[in-house]
Amino acid sequence: MIAAAVLAYLGAMGTQAAPFVQRFAYWAAVILPGSLLGLGVNALVRGWGGLAAHRWAEAGLVALLVSLPHSFVVIVVSALFFGIGLITPMVVLEFWLAVLLISVVLTTINYLATGHQVAQAAVVPMPQPVPEPAPKPTSAESPVTDRSALPPLLAEKLPHRLRAGRLLAIEAEDHYLRVHTDLGSDLVLMRMADACALLDDSAGARVHRSWWVARDAVQAVRQQSGRMELALPGDISAPVSRAMQPVLRSQGWL
1 MIAAAVLAYL GAMGTQAAPF VQRFAYWAAV ILPGSLLGLG VNALVRGWGG
51 LAAHRWAEAG LVALLVSLPH SFVVIVVSAL FFGIGLITPM VVLEFWLAVL
101 LISVVLTTIN YLATGHQVAQ AAVVPMPQPV PEPAPKPTSA ESPVTDRSAL
151 PPLLAEKLPH RLRAGRLLAI EAEDHYLRVH TDLGSDLVLM RMADACALLD
201 DSAGARVHRS WWVARDAVQA VRQQSGRMEL ALPGDISAPV SRAMQPVLRS
251 QGWL
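Residue numbers (full-length UniProt numbering): 1 to 254.
Since the hints were made in silico from the structure, they are not lab data.
Where is the CB? At the ideal position from N, CA and C, for every residue including glycine.
One thing to keep in mind: the hints can contain errors.
Between beta-carbon pairs, the in silico distance windows are [to be verified]:
| hint | residue 1 | residue 2 | range |
| --- | --- | --- | --- |
| 1 | Ala5 | Gly47 | 18 to 26 Å |
| 2 | Leu254 | His175 | 29 to 37 Å |
| 3 | Leu189 | Ala231 | 44 to 52 Å |
| 4 | Leu39 | Ala98 | 30 to 38 Å |
| 5 | Leu101 | Gln224 | 21 to 29 Å |
| 6 | Gln245 | Leu64 | 23 to 31 Å |
| 7 | Ala113 | Val76 | 26 to 34 Å |
| 8 | Arg161 | Ala98 | 16 to 24 Å |
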């Protein structure tokens with residue numbers, strides 16, 4: 001809404017002749033669906049991971065995919081608020097070019113703002129701990145090994161029912177992380193980079209921008225149509241980015 005207020009105040013895109021309330025409503029109606037489209041497309045493209053190693057090509061694809069449907073939204077909203085006469089192919093092209101330009105600018109800002117997180121996406125697999133003799137079980141249940149245990153700072157953010165679980169993977173979901181354990185999963189508010197810093201002594205790796213996987217949780221490696229996935233317990237599938245495939249292969253994961 002702040003962006004809508006600023007654009008309404010400036011009378012951007014030739015809207016200065018309209019009353020401020022009308023301008024504000026117009027820009028709110030334009031920006032809200034654009035923001036939702038941006039979130040959805042960004043999540044889909046990053047989840048696909050095909051351009052993970054080419055950050056700015058990925059950003060360009062996001063901007064292009066957002067601009068296509070959003071340009072038609074802008075045309076409809078503009079027609080409702082101001083009327084634009086006959087909608088010809090040239091009118092559609094002009095709107096699309098304007099929306100594409102704005103999408104490129106906003107996507108670039110977003111990628112620059114999150115650059116510090118992406119810089120850690122191709123993290124080398126974390127060092128393996130020196131094997132230690134397994135402790136003798138004290139009960140009928142097998143104890144959780146140290147390397148599979150949740151780090152205390154991460155465990156304290158989870159419900160009590162999950163804290164004794166074996167760590168399988170960590171998945172990024174918007175501003176949250178979904179921590180997968182053998183007892184279930186839950187969301188925690190934490191950055192992926194911060195979570196990985198807690199896992200320096202764990203046997204795992206950042207296999208994708210949005211995924212960290214415990215090595216001993218991998219049950220199988222699947223490859224379909226050029227995409228590689230790691231099969232984990234509980235029907236969990238973790239994508240492997242193209243940039244990380246050679247690294248994981250050299251470490252004996254694949």
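Evaluation of the provided hints:
1. Ala5 with Gly47: 18 to 26 Å: violated (33 Å)
2. Leu254 with His175: 29 to 37 Å: The hint (29 to 37 Å, Cβ to Cβ) holds, given that Leu254 and His175 are roughly 31 Å apart.
3. Leu189 with Ala231: 44 to 52 Å: Given about 28 Å between the Cβ atoms, the range is violated.
4. Leu39 with Ala98: 30 to 38 Å: For Leu39 and Ala98 the Cβ distance comes to about 21 Å; the hint is violated.
5. Leu101 with Gln224: 21 to 29 Å: violated (37 Å)
6. Gln245 with Leu64: 23 to 31 Å: holds (26 Å)
7. Ala113 with Val76: 26 to 34 Å: The hint (26 to 34 Å, Cβ to Cβ) holds, given that Ala113 and Val76 are roughly 30 Å apart.
8. Arg161 with Ala98: 16 to 24 Å: violated (52 Å)
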